[in-house]
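With the hints as constraints, model all of the structure from the sequences given.
Residue numbers (the numbering used here), protein chains in the order written: chain A, 1 to 349; chain B, 1001 to 1267; chain C, 2001 to 2278.
The hints are simulated quantities; they were obtained by calculation from the structure and are not laboratory data.
Computed from a prediction, not measured in an experiment: that's the story for all the values here.
All C-beta atoms in this analysis are idealised placements derived from N, C-alpha and C, irrespective of residue type, glycine included.
Keep in mind that a hint or two might mislead.
Some chain B residues judged to face chain C by a derived CB distance under 8 angstroms, without partners named [claimed, not checked]: (1) Thr1027; (2) Gly1030; (3) Asn1055; (4) Phe1059; (5) Leu1112; (6) Ser1174; (7) Ile1178; (8) Ile1194.
Quick list of the computed label-pair ranges, beta carbon to beta carbon [stated by the list, open to error]: (9) C:Gly2215 with B:Gly1202: 34 to 44 angstroms; (10) B:Leu1142 with C:Val2135: 50 to 60 angstroms; (11) A:Gln273 with B:Arg1105: 45 to 55 angstroms.
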Amino acid sequence: MEPIIQVNNVTKEFKVLNRSEGLKGSIKDLFSHDYKIVRAVDNVSMDIGQGEIVGYLGPNGAGKSTTIKMMTGVLKPTSGSIICNGVVPYDKRTLNAQNIGVVFGQRSQLWWALPAIESFNILKDIYLVEDKDYKDMLELYSTLVDMDSIMHKPVRQMSLGQRTLCDILASFLHNPPVVFLDEPTIGLDVAMKAKIRELVKMLNKEKNTTVILTTHDMGDVDALCERIVIIDKGKKIYDNDIEHLTGLFGAYRTLSVSLSKNKEILTKEELEQMETSVSNLLREQWPDVDMPVSIEDNEIQILVNEAFTGVVKVINAVQDKYKVYDMHITEISTESVIRKIYDGSKIVK
Amino acid sequence: MKCRKYLSMIKAGIMEDMQFRGAIIMTFFGNLLYLLLAFFLWKAIFESSDSPVINGMTFSDTIIYLVFAAALFNFMEMWTVWNMGRDIQDGKIVVDLLMPCGYRRLRLFRGLGEVIVNFFTTLLPTAIIVYFISGKAIHLGLNILWFLISVFFSFFINYYIEFIVGTIIMYTESIWGIDIMKEVVVGVLSGAMIPLAFFPEGFKQIALALPFHAIIDSPMTLLLHPEYGLTDVVNILAMQVLWFVVMGILSDVFFKFSLRRITVNGG
Amino acid sequence: METSDMSMKTASKRRGLRYYFNIYFRIIAQDIKSKLSYRSDFIISLIGMILTDAVEILSFWLVFQNFPSVKGWNFYEMLFLYGFTLVASTPAQCMFDNNWNLRLVVYSGDFIKYCFRPVNLFFYFMSEIFDIKGVGKLFVGLSCIVYSWNKLALPVNFKSLVLLIFGFVFASLIVIAILNLASSACFFIMNSFFVLSLSNTLRGYARYPITIFSGALKFVFTFIAPIAFMAYYPSMAVLRPDNVPVLTWFTPVFGIVFFYISYKVWMKGALSYNGTGN
Chain A
1 MEPIIQVNNV TKEFKVLNRS EGLKGSIKDL FSHDYKIVRA VDNVSMDIGQ GEIVGYLGPN
61 GAGKSTTIKM MTGVLKPTSG SIICNGVVPY DKRTLNAQNI GVVFGQRSQL WWALPAIESF
121 NILKDIYLVE DKDYKDMLEL YSTLVDMDSI MHKPVRQMSL GQRTLCDILA SFLHNPPVVF
181 LDEPTIGLDV AMKAKIRELV KMLNKEKNTT VILTTHDMGD VDALCERIVI IDKGKKIYDN
241 DIEHLTGLFG AYRTLSVSLS KNKEILTKEE LEQMETSVSN LLREQWPDVD MPVSIEDNEI
301 QILVNEAFTG VVKVINAVQD KYKVYDMHIT EISTESVIRK IYDGSKIVK
Chain B
1001 MKCRKYLSMI KAGIMEDMQF RGAIIMTFFG NLLYLLLAFF LWKAIFESSD SPVINGMTFS
1061 DTIIYLVFAA ALFNFMEMWT VWNMGRDIQD GKIVVDLLMP CGYRRLRLFR GLGEVIVNFF
1121 TTLLPTAIIV YFISGKAIHL GLNILWFLIS VFFSFFINYY IEFIVGTIIM YTESIWGIDI
1181 MKEVVVGVLS GAMIPLAFFP EGFKQIALAL PFHAIIDSPM TLLLHPEYGL TDVVNILAMQ
1241 VLWFVVMGIL SDVFFKFSLR RITVNGG
Chain C
2001 METSDMSMKT ASKRRGLRYY FNIYFRIIAQ DIKSKLSYRS DFIISLIGMI LTDAVEILSF
2061 WLVFQNFPSV KGWNFYEMLF LYGFTLVAST PAQCMFDNNW NLRLVVYSGD FIKYCFRPVN
2121 LFFYFMSEIF DIKGVGKLFV GLSCIVYSWN KLALPVNFKS LVLLIFGFVF ASLIVIAILN
2181 LASSACFFIM NSFFVLSLSN TLRGYARYPI TIFSGALKFV FTFIAPIAFM AYYPSMAVLR
2241 PDNVPVLTWF TPVFGIVFFY ISYKVWMKGA LSYNGTGN
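So, in structure tokens, the structure goes:
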């Protein structure tokens, strides 16, 4: 199938002023011409198919929002090309805008003083949505969320969660083939996060909308994305499905052990003491291997890389020294994998 | 220790201001432009008159008066009304009220850095340029000292008035509307738009009975009249000190009163 | 694939003048409705604005207490010019007032949200706010003109009324152009408020006859920062019908050209800013 978005070898460079420090420096800057070139996005390529939900991840300043800005037509690449829905977005920004929906972080794009339904009515006119399609869409929405409680409230009086909900609904309103969601769940409570994820998933399924999601919340990724693309320092370092990602680090297992009969009554000091002594024990046994030890749920967690040491050997070593009341082994979480990728920041294919 | 806290607030203000390199250059050129425009306008006005001295003011007196008035306002600008309005409307003022040093002083020291930058980038260069353009019409003597003392009081009277206007925002939502009214009232009654000397007698008496003239007219009168004896000088300065005290007390009392009213109403 | 085809079809629909008018009126109708629910702010702002204009008139009057005329211009002629600038400023005040918020949304990064709509960016940004207070300016301005017209005993005929209305239209384009240019400075420099306030100072001088300025300034105010077209040149057709300067007839050209330049600069700034923003 023809991909709906094609990003081909895209690079974006910016010119920034070198600022000096201190009071003297700020006087000097008044006359400075000391610029440097920063490469925000470095030779990134990807194809995205219709109906996919792609998690676009990376640490702050990695070049995520720059890429999104180029895909939405706000920015022009320094080199390379992008085609979105058969349109070059930065050459035909307004034409491209008809084909996309965007939710940008906490910045509501709805009219601040108006009730959401009025904003929707205006958007209907702006996007030239047919009456029937509009009605159908609102009907669909009312099956997904409780519309009555939010639609008649001015946006400025809404909670952040309600606002985000409305923004997402607004971005799907003209039934665009592609929707960009930038940090849609930032700052929301757990219940609202779940609601938003559910909504996005339903809309994606119902309308076969392609969703490009940037987020720092791995909960979003786990709930929504089959495929993730990771970018760091402007370079694409990972592009594959989520299973493959965890498989990549499959050699890692987390071993959790409980060293007390009643772990709930352990004090912080006791736990920390356990942590240090376990850590020392492991270091004695395997001086060349790094095995991070941490406390989680009043248990001692050991991250074991099976390429170097078997989990069973570690269990034995711990059991030799301590009485183990409970223990379990878990696969590494997506979040820890991503963190490891950011930390390592090397290209993984 | 206490002193250092204020010093670092001033320093932060200066550095923040210096970040905006375009703005500093722009303000300076803005003042030059104003000087140029005022020059031609009033030249035309004076050329239409038979006498070179009108209401005791020569052409160069008038230009010096008006350009200094504009430069003084630029110099004193700390955006007090706007900043207070913002603090009040988004509720940030509650945090500042917890500080141990009083909101009025806090606002003052936050703005002082900008004022210092303004002094060197706008007031001083404008003064020098006006001095030469006017053919050295400014007498260099004791009057400069009186002028500077007077500007010190002007600054505080202006600040207190702004603080009172800023407090009014607790009662209304309209920052813009309140600020524009203040601007125009202060502008005309201080003499910054038209020197008070050109006012008809009745208007002049009203203006002199109000505190606004102490912001511009008082320092400019002291600067432009080196021939004034000590009694005249003391008279003008004493009037300023009086307004300094009155407005100081008024702004403080009004703020505290309003604060209590608002907290009682739970606004 | 069905969805993509459908939206391609909508996208190719023509977005003509009617489309833009429709959107504009829908948005401003909602904006006015919501603004009227904050009545005290509206009333205070309106009073503030009318007070400002009234004090300006007062300061004219104060000057003319001391001088009967300035370079051959009497109080009523000056009042006419002032009224003309007020009327010419009305469209800028009503329809392009969001320019004053531009730097705030640019510095906070919120500006990006205007870039995702399938409509002209400049239009979309300006449509957000319609400042009804501007009608107060229109009212004061027209009052000045009617009053001085009467005092100057100018003839009331079809020709001068048409000239006056055309003058308003093209002079208002100049006012808008200056506002656009000044506000777009925030795309290029930090803390651009001074540019706006500078442009305001400059605009304040549009109410004086250009003849009081020297040759160089006359040139600047005519061709570079064309404030002379905000009142002086278009007014001359009515005020001095026997002695109309040639440039008066070029008011439409200047209005259209400067508006177009300001629009281009604004758009260019908007799109280049998004790169450096954040």
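Verification of the hints:
{"no.": "1", "hint": "Thr1027", "verdict": "5 angstroms, holds"}
{"no.": "2", "hint": "Gly1030", "verdict": "4 angstroms, holds"}
{"no.": "3", "hint": "Asn1055", "verdict": "7 angstroms, holds"}
{"no.": "4", "hint": "Phe1059", "verdict": "12 angstroms, violated"}
{"no.": "5", "hint": "Leu1112", "verdict": "18 angstroms, violated"}
{"no.": "6", "hint": "Ser1174", "verdict": "4 angstroms, holds"}
{"no.": "7", "hint": "Ile1178", "verdict": "6 angstroms, holds"}
{"no.": "8", "hint": "Ile1194", "verdict": "5 angstroms, holds"}
{"no.": "9", "hint": "C:Gly2215 with B:Gly1202: 34 to 44 angstroms", "verdict": "41 angstroms, holds"}
{"no.": "10", "hint": "B:Leu1142 with C:Val2135: 50 to 60 angstroms", "verdict": "53 angstroms, holds"}
{"no.": "11", "hint": "A:Gln273 with B:Arg1105: 45 to 55 angstroms", "verdict": "50 angstroms, holds"}
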